[in-house]
Amino acid sequence: MTVTVAASLDEVLEVLEARPGAEILAGGTDFMVEVNFGHRRPRSVVCVSRLPELRGWREEGGELVLGAGLTYTEMMLPPLAERLPALAQAARTVGSPQIRNAGTLGGNLATASPAGDTLPVLAALDAVVVLRRWGGERRMPVGEFLVGPKRTALLPGEVVTEARVPVGLASGPPAVCQEFLKVGTRNAMVIAVASVALVVDWVGRRVRCALGSAGPAPIRAREAEARAESSMDWEGRRLAAADLDAFGHLAGEAARPIDDHRSTASYRRHAVTVCARRALERAMAGPGWTA
Amino acid sequence: MSGTATMTPPVVRRERVLGRDVSRPDGVPKVRGEFAFSSDLWAEGMLWGRILRSPHPSARIRSIDPSGAWRVPGVRAVLLAEDVPGQPTYGLEHADQPVFASQVVRHVGEPVAAVAADHPETARLAASAIRVDYEVLEPLVDPEAAILAPPIHPDGNVFRHLTIRHGDPSRRGEVSVEGTYEVGMQDQAFMGPESGLAIPGEDGGVDLYVSTQWLHVDRSQVAACLGLPEEKVRLHLAGVGGAFGAREDVSLQVHICLLALATRRPVKIVYSREESFFGHVHRHPARLWLRHQADREGRLVTVEAKVVLDGGAYASSSTAVISNASCFVTGPYVVPNALVEGWAVRTNNPPCGAMRGFGAVQACFGYEAQMDKLAAAVGLDPVEMRLRNALAHGDQLITGQVLRGAAPVAEVIRACAATPLPGPPVTDGPGSMALPGGAGRTAQPGRVRRGVGFAVGYKNLMYSEGFDDYSTARCRLERGLVTITCAAAEVGQGFVTLAHQIAREVLGVDQVVLAPAETSSIGSAGSTSASRQTWMSGGAVAEACRAVARKAVEVAARRLGHPGLELVEGEVVAEGGGLRVPLAEAVGDEVIEETVTYRHPGTSPLDPDGQGDAHVSFAFAAHRAVVDVDLDLGLVRVVEVATAQDVGRVLHPLQVTGQIEGGIAQGVGLAVMEEIVLEEGRVKNPSFTDYLIPTALDMPEVRIGGLIEEPEPGAPFGAKGVGEPPTISSTPAVVAAIRAATGLELSRVPVRPQDIALAAVG
Chain A
2 MTVTVAASLD EVLEVLEARP GAEILAGGTD FMVEVNFGHR RPRSVVCVSR LPELRGWREE
62 GGELVLGAGL TYTEMMLPPL AERLPALAQA ARTVGSPQIR NAGTLGGNLA TASPAGDTLP
122 VLAALDAVVV LRRWGGERRM PVGEFLVGPK RTALLPGEVV TEARVPVGLA SGPPAVCQEF
182 LKVGTRNAMV IAVASVALVV DWVGRRVRCA LGSAGPAPIR AREAEARAES SMDWEGRRLA
242 AADLDAFGHL AGEAARPIDD HRSTASYRRH AVTVCARRAL ERAMAGPGWT A
Chain B
36 MSGTATMTPP VVRRERVLGR DVSRPDGVPK VRGEFAFSSD LWAEGMLWGR ILRSPHPSAR
96 IRSIDPSGAW RVPGVRAVLL AEDVPGQPTY GLEHADQPVF ASQVVRHVGE PVAAVAADHP
156 ETARLAASAI RVDYEVLEPL VDPEAAILAP PIHPDGNVFR HLTIRHGDPS RRGEVSVEGT
216 YEVGMQDQAF MGPESGLAIP GEDGGVDLYV STQWLHVDRS QVAACLGLPE EKVRLHLAGV
276 GGAFGAREDV SLQVHICLLA LATRRPVKIV YSREESFFGH VHRHPARLWL RHQADREGRL
336 VTVEAKVVLD GGAYASSSTA VISNASCFVT GPYVVPNALV EGWAVRTNNP PCGAMRGFGA
396 VQACFGYEAQ MDKLAAAVGL DPVEMRLRNA LAHGDQLITG QVLRGAAPVA EVIRACAATP
456 LPGPPVTDGP GSMALPGGAG RTAQPGRVRR GVGFAVGYKN LMYSEGFDDY STARCRLERG
516 LVTITCAAAE VGQGFVTLAH QIAREVLGVD QVVLAPAETS SIGSAGSTSA SRQTWMSGGA
576 VAEACRAVAR KAVEVAARRL GHPGLELVEG EVVAEGGGLR VPLAEAVGDE VIEETVTYRH
636 PGTSPLDPDG QGDAHVSFAF AAHRAVVDVD LDLGLVRVVE VATAQDVGRV LHPLQVTGQI
696 EGGIAQGVGL AVMEEIVLEE GRVKNPSFTD YLIPTALDMP EVRIGGLIEE PEPGAPFGAK
756 GVGEPPTISS TPAVVAAIRA ATGLELSRVP VRPQDIALAA VG
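Which chain is which? The protein sequence lines are A and B, in order.
In terms of my numbering, the numbers along the first sequence are unbroken and rise by one, the last being 292.
In terms of my numbering, the numbers along the second sequence are unbroken and rise by one, the last being 797.
Mixed in with the good hints there might be a few duds.
[What the hints assert, rightly or not] Residues of chain B placed beyond 12 Å of chain A at every Cβ, according to the derived structure:
1. S137
2. E265
3. E419
4. E604
5. P643
6. L727
[Stated by the list, open to error] Derived Cβ-Cβ restraints for the label pairs, each shown as a range:
7. G63/A with D463/B: 48 to 54 Å
8. G63/A with F723/B: 56 to 62 Å
9. V6/A with D190/B: 54 to 60 Å
10. I100/A with G749/B: 36 to 42 Å
It should be emphasised that the hints constitute simulated quantities derived from the structure, not laboratory data.
What you are looking at is a predicted structure, and each value in this text was computed from that prediction instead of being measured.
All residues carry an ideal CB built from backbone N, CA and C; glycine is no exception.
Can you build the whole structure from these sequences, using the hints too?
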């Protein structure tokens, strides 16, 4: 097994160019579990965890640029957490502090678990994923990047470097309210049974809702979004109880859940229904939680 | 007396050691990460062992071709069933479990072959290169069907069927309630996976360093399979990272010794977490049917019960677990008439055996749900219902046994019930982590409802039904230093602390050393289970120390030429006070050593009607749980568990608290999350990612409302074992609280979110 501890992004791209089958190791919180279980036998590994180009976040050209090396712990810190509170909430639900110190946004994206906690948040934020390869770059919406359970649009030789979020959705309350609710069978350190990410843009008058652990990849509940947008009293920030109910039900109908050892499809759909309604109610009530 | 009376100053005594929080001898190394657990063992030139296991719950083995393993460079041994020189099977009570399967496999994870290699990864690759040709069979996974199904083992499918008939079970009460209950398969989930190191000896024997609960019973089973006399198999206790019953059975012991003897090299095996889930027994899943009849005042008249335990593929301790589940299925209550039938059966599910609470846990979930139903039917408060029926000293159990020891059932109920209730949750609004759902921040305060539930439980201490239960200990006094030798397995419970305390208390000395626990130099201490080591090995240590004290006084009398001496708090003193010499000085250079075997009062087997004085002693506890439930999502936050426990006497307050908190954690786990999920005999969640145990956010506040210190007659220092009662009634208390919050029947544990949420929405 060849292991390259890359000193720069260029070096990563060079290695990937030379060995397109090389696998990327960032925080290792998914990767090493698979190695330890014998599910993954990498022949070539490129370590990217210390690369400055992938670390942190910045604002650039109307977008918030989140480095692929951004850790869950960093997502929970202000001022980023104040601008993207749903991402901070999602990050808080991941594992233990040790895992949150190691695990990264890019890793969550590239692993593409149906239960990846940041993924529905990125979907609700209309995030664009940036993929780099030697001498090239591709950008695509997160919904296109995540093609199925543990499957992405990444091609051999490519690496996730960034996720970009429109700055208009990252202005924080009261202009934009965000919520993330995650259901698990334990109060912490648990894989999501179902989750809901919600972004309400009071200025742009848009509602975005994405579901996690409720299908092969995050699902945007478009009908629920449309229903909420059309029935919302945007000035008064009010919605009739019946419309809140309808929003929850439409979100539940959008889910495509399965039965497995963690839960049942019917409970997952039910949980999505309840959480979507609660999320919208919270988004109307106040600024929500900040880290 | 007039106003001139003077206050008598209190008698100043040297502070006694028992009853104080002396520090654990292994405490600092454990906290600093310096304690060597069995997985840390290492020997020069050692090899690594690996087990090949069955992927099928039921299959016939057509052939095994190990040649692929031999082709892997670095492989030193490949062993199959035909390579076992001694007895081909082992078992705690019945030797029905093959060392390696040869013709059939009866559960997923059953060992088929073992390899030793230079590197663990080589061993893994080699094991996977062994080709086993299986003819896959339909597994038998329904325990009730197993009773009459064609046998899947030559010994049959019923490990034990017993009946308890007491009084006149045809007697009817004015009020009757009935229910069926189910308990899922819980895992002990200890932190330290199975691991050990075997070193071949020059004499053809073997030294095995292993984490276990009972060195000597392991030795008997290992020696039989190796075809060696017991004295050539020397077991040493390696650092144990928790046990909870899962280390009572042999796991890797025979395999690792076979590999060491075959290669003439030290061999180490450490299970992965996944392998650990397949490598040890679990708590028996149970199905219970109960019918309670009472008079209008709520006094129990008749209880009928049927209990079926799924023992999985091999016997393990199933026969004793079903005895407990049957004996205690009517609870710590006066029950004049009873008819109980219990079955422990064989299936192609993973083998089940000992786990903290040992049959009493499953029973308690059933009978405490029934007591609540009965309270509702009669119109009584659940606490009053229990008080009205509580057992007391002199009462008779359904086995006909009369309670001769301390039985403060009413006292634990009252003390627990009198504990103040906690206030409302402290939240920072919607989605507070203090609410159900925790870090997922799902809760809506208006949709969270609080519930309170109460339960009482009990269990036997030590081994029952005529088992020759004993412990051996040696005390050696040399130049003021006391060395205690006892093979009792320290598995985290704190026996090492207690042994120090007892030696210091009895002999009045400060310098005490505990020799390593092993099998060569001392007899059996019995198992670290059944809440028995404080009584049994504590008793053995105390008696050994007392024997040394008597001898020391004789030696001192001879040396000092002074008759009528006694040992008082570490000093040899003469009656009348004419002489006072420290013990070490009084015996000089003479070495005094005494070894004793300690037994508890005998018990008898149960007769065909399940009658007999089968148990030695009992311990009781009450739990009151307070839960907050998210009514829509079915998520539960256990807010607080209050408890009171019958402990006889507190020997180490902090260790008692630790046992209570730990036991409640496992009880809460069984109530709301812990379950090995099976599908056609296959474990779906063999990892700590998916086998969930409580985190700090799931663990409730524990409020100890009372430690009832009614000394147990016959018990050393009056102390009862305290490890198991916290696990028994904490589970039903939590479920009763969820029932109170939701109004749902909830007849199965663990209670899953969908059991609440989907039932509530219809």
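To see whether the hints hold, each was checked on the structure:
{"no.": "1", "hint": "S137", "verdict": "holds, 26 Å"}
{"no.": "2", "hint": "E265", "verdict": "holds, 38 Å"}
{"no.": "3", "hint": "E419", "verdict": "holds, 33 Å"}
{"no.": "4", "hint": "E604", "verdict": "holds, 49 Å"}
{"no.": "5", "hint": "P643", "verdict": "holds, 43 Å"}
{"no.": "6", "hint": "L727", "verdict": "violated, 5 Å"}
{"no.": "7", "hint": "G63/A with D463/B: 48 to 54 Å", "verdict": "violated, 34 Å"}
{"no.": "8", "hint": "G63/A with F723/B: 56 to 62 Å", "verdict": "violated, 43 Å"}
{"no.": "9", "hint": "V6/A with D190/B: 54 to 60 Å", "verdict": "holds, 58 Å"}
{"no.": "10", "hint": "I100/A with G749/B: 36 to 42 Å", "verdict": "violated, 51 Å"}
The structure shown violates the earlier hints numbered 6, 7, 8, 10.
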